[in-house]
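Number of protein chains: 2
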Amino acid sequence: MLYIIGLGLGDEKDITLRGLEAVKRCNKVYLEAYTSLLSFGLSSDGLSTLETLFGKVITIADRETVEERADEILSEARVSDVAFLVVGDPFGATTHTDLVVRAKKLGVFVKVVHNASVMTAVGVCGLQLYRYGETVSIPFFTETWKPDSFYEKIQRNCMLGLHTLCLLDIRVKEPSLESLSRGRKQYEPPRYMTIKTAIEQLLEVKQNHTQPAYNEDTICVGFARLGSEDQMVVAGSMKQLLTVDFGAPLHCLVIVGETHPVEEEMLGFYTLGGN
Amino acid sequence: MLYIIGLGLGDEKDITLRGLEAVKRCNKVYLEAYTSLLSFGLSSDGLSTLETLFGKVITIADRETVEERADEILSEARVSDVAFLVVGDPFGATTHTDLVVRAKKLGVFVKVVHNASVMTAVGVCGLQLYRYGETVSIPFFTETWKPDSFYEKIQRNCMLGLHTLCLLDIRVKEPSLESLSRGRKQYEPPRYMTIKTAIEQLLEVKQNHTQPAYNEDTICVGFARLGSEDQMVVAGSMKQLLTVDFGAPLHCLVIVGETHPVEEEMLGFYTLGGN
Numbered sequence: 001m002l003y004i005i006g007l008g009l010g011d012e013k014d015i016t017l018r019g020l021e022a023v024k025r026c027n028k029v030y031l032e033a034y035t036s037l038l039s040f041g042l043s044s045d046g047l048s049t050l051e052t053l054f055g056k057v058i059t060i061a062d063r064e065t066v067e068e069r070a071d072e073i074l075s076e077a078r079v080s081d082v083a084f085l086v087v088g089d090p091f092g093a094t095t096h097t098d099l100v101v102r103a104k105k106l107g108v109f110v111k112v113v114h115n116a117s118v119m120t121a122v123g124v125c126g127l128q129l130y131r132y133g134e135t136v137s138i139p140f141f142t143e144t145w146k147p148d149s150f151y152e153k154i155q156r157n158c159m160l161g162l163h164t165l166c167l168l169d170i171r172v173k174e175p176s177l178e179s180l181s182r183g184r185k186q187y188e189p190p191r192y193m194t195i196k197t198a199i200e201q202l203l204e205v206k207q208n209h210t211q212p213a214y215n216e217d218t219i220c221v222g223f224a225r226l227g228s229e230d231q232m233v234v235a236g237s238m239k240q241l242l243t244v245d246f247g248a249p250l251h252c253l254v255i256v257g258e259t260h261p262v263e264e265e266m267l268g269f270y271t272l273g274g275n
Numbered sequence: 001m002l003y004i005i006g007l008g009l010g011d012e013k014d015i016t017l018r019g020l021e022a023v024k025r026c027n028k029v030y031l032e033a034y035t036s037l038l039s040f041g042l043s044s045d046g047l048s049t050l051e052t053l054f055g056k057v058i059t060i061a062d063r064e065t066v067e068e069r070a071d072e073i074l075s076e077a078r079v080s081d082v083a084f085l086v087v088g089d090p091f092g093a094t095t096h097t098d099l100v101v102r103a104k105k106l107g108v109f110v111k112v113v114h115n116a117s118v119m120t121a122v123g124v125c126g127l128q129l130y131r132y133g134e135t136v137s138i139p140f141f142t143e144t145w146k147p148d149s150f151y152e153k154i155q156r157n158c159m160l161g162l163h164t165l166c167l168l169d170i171r172v173k174e175p176s177l178e179s180l181s182r183g184r185k186q187y188e189p190p191r192y193m194t195i196k197t198a199i200e201q202l203l204e205v206k207q208n209h210t211q212p213a214y215n216e217d218t219i220c221v222g223f224a225r226l227g228s229e230d231q232m233v234v235a236g237s238m239k240q241l242l243t244v245d246f247g248a249p250l251h252c253l254v255i256v257g258e259t260h261p262v263e264e265e266m267l268g269f270y271t272l273g274g275n
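From first to last, the protein sequence lines are chains V and Z. Going by full-length UniProt numbering, the first sequence opens with residue 1, and the numbers climb by one from there. Going by full-length UniProt numbering, the second sequence opens with residue 1, and the numbers climb by one from there.
Calculated directly from the structure, the hints in this document are not laboratory data. All C-beta atoms in this analysis are idealised placements derived from N, C-alpha and C, irrespective of residue type, glycine included. There may be inaccurate statements among the hints.
Stated by the list, open to error - Cβ-to-Cβ under 7 angstroms is the rule here; a few derived chain Z residues that face chain V:
1. Lys13
2. Leu17
3. Glu72
4. Phe91
5. Val101
6. Lys104
7. Val108
8. Tyr130
Using the sequences provided together with the hints, build the complete structure.
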């Protein structure tokens, strides 16, 4: 059996009882490392926090491991219980559909243990999840590569009065250009897009449009470390949020559409200089 | 402190360690009863399962209780730790923004413990959450009252190729018309909309439109008891899903938009008569 278990958003305490039971039953435990694992006690001193809680050795599975070693993981899961832990919900912002498809094709049973995802936890700011349009991802721009397909989606949401959740780029274990040219893989340090960078890129893109969907006065909500003890939620115009230091990752951003009175009242609690 | 704690989707084992810790710290524990509580051991024989797990007496808070006794709950929370438990995520499909707004106005500290919500758990069928448009709610039709504002939203999502999550009506503790006329409140038995009723209503509404956004051949995914051990997920045309017995509540429905190959592959596993 392959258990795909959501860890939730904060730290090791955000696993569910069902998830914990399943992990303890497993012979092998993998942990996906696509997103930030800092709050799970997985920074420099190894896997201590989670491993202590689970009483298991954990194997970190970055994107490469999962792609290259999926068959191995799945053969293990065919004969014994294997846990694949993911931050958030298994089918939230980062999806693990590929692994499930491969498992099902091989006849490996899959069980999913759900958990909180950034995609619903943003509800904490008071904007109703019903009133969100399509979610967009904002990738890091480079000097020469500025993909802006998110703009059109935001524009559509704005025209419909809907809110837009912007998921911000994460670059973990990116091979450095230098190392690629030398034929020996070395990795860039992980990069997590900040709200500041996201807004700068959003404002850069809107300059290409004559009647932009948003501008520096558009109200947004910035979230940092959502679901953690030290989460930060601030509402304000893009211009205002540019000046806020949101601290450590992960960050995400909501572009606010039309609001109802209750939504406004809740947003007020998070507004810069608000009540 | 007022703790608003998500219980997740399945049963008592879906609370997180953080949530359980918080409940155990609380002097008073309320449980919102807007949605189905059947799987939390709260059917006929009282609150046994959750109360045993928590070692606490639980007070059921239906919509009336929350509206009428919010001040009382909040005064308790001002001087001691109070837990308000909700099925799913506190800000998922059913929102508790009102209570939070009132708490914040009274200066009561609020802490939210997130959990899985139907709004992300539907990801299990393989349709990417990125590719969903606005969520709609489908209310029970009566002979004389057939509100169909969901149609326009579905139409918009379809035109954009987006998937639509349809949340189905729940009627808990509705005063019976008869009892209202007698001036003494008696309640109708709880009603949970089935996928069959939802599709019948969807097809009824589309008859009012000359170029309907969907028809009985439109592919949908039906979910019953999502997140529970006995969850059921079936993909098929509206016509096909009408013939499926999805069993006990809660049900929800996704109207499928344009699909990518990986989405199709995953859907295949849930298709009637599929692999």
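Have a go at the Glu72 of chain Z hint: is there a Cβ in chain V nearer than 7 angstroms to its own Cβ?
Check failed: Cβ of Glu72 of chain Z comes no nearer than 21 angstroms to chain V, outside 7 angstroms.
Restraint satisfaction for Phe91 of chain Z [CB to CB of chain V, less than 7 angstroms]
With a closest approach of 3 angstroms, the Phe91 of chain Z hint holds.
Under 7 angstroms is the threshold here; is the Cβ of Leu17 of chain Z close enough to any Cβ of chain V for the hint to stand?
holds (4 angstroms)
When the least beta-carbon distance from Val101 of chain Z to chain V is tested against 7 angstroms, hint result
Hint on Val101 of chain Z: holds, closest Cβ of chain V at ~5 angstroms, below 7 angstroms.
Hint status (Cβ of Lys13 of chain Z to nearest Cβ of chain V, threshold 7 angstroms):
holds (4 angstroms)
Please check whether Tyr130 of chain Z passes as an interface residue: C-beta within 7 angstroms of a C-beta belonging to chain V.
Holds, because the Cβ-Cβ distance from Tyr130 of chain Z to chain V comes to roughly 5 angstroms (cut-off 7 angstroms).
Does Val108 of chain Z meet its interface restraint, that is, does its C-beta lie within less than 7 angstroms of any C-beta in chain V?
The hint is violated - Val108 of chain Z has no Cβ within 7 angstroms of chain V, the shortest such distance being about 12 angstroms.
So, Lys104 of chain Z near chain V? Judge it on the closest CB pair being under 7 angstroms.
holds (5 angstroms)
Checked against the numbered hints above, the structure breaks hints 3 and 7 and satisfies the rest.
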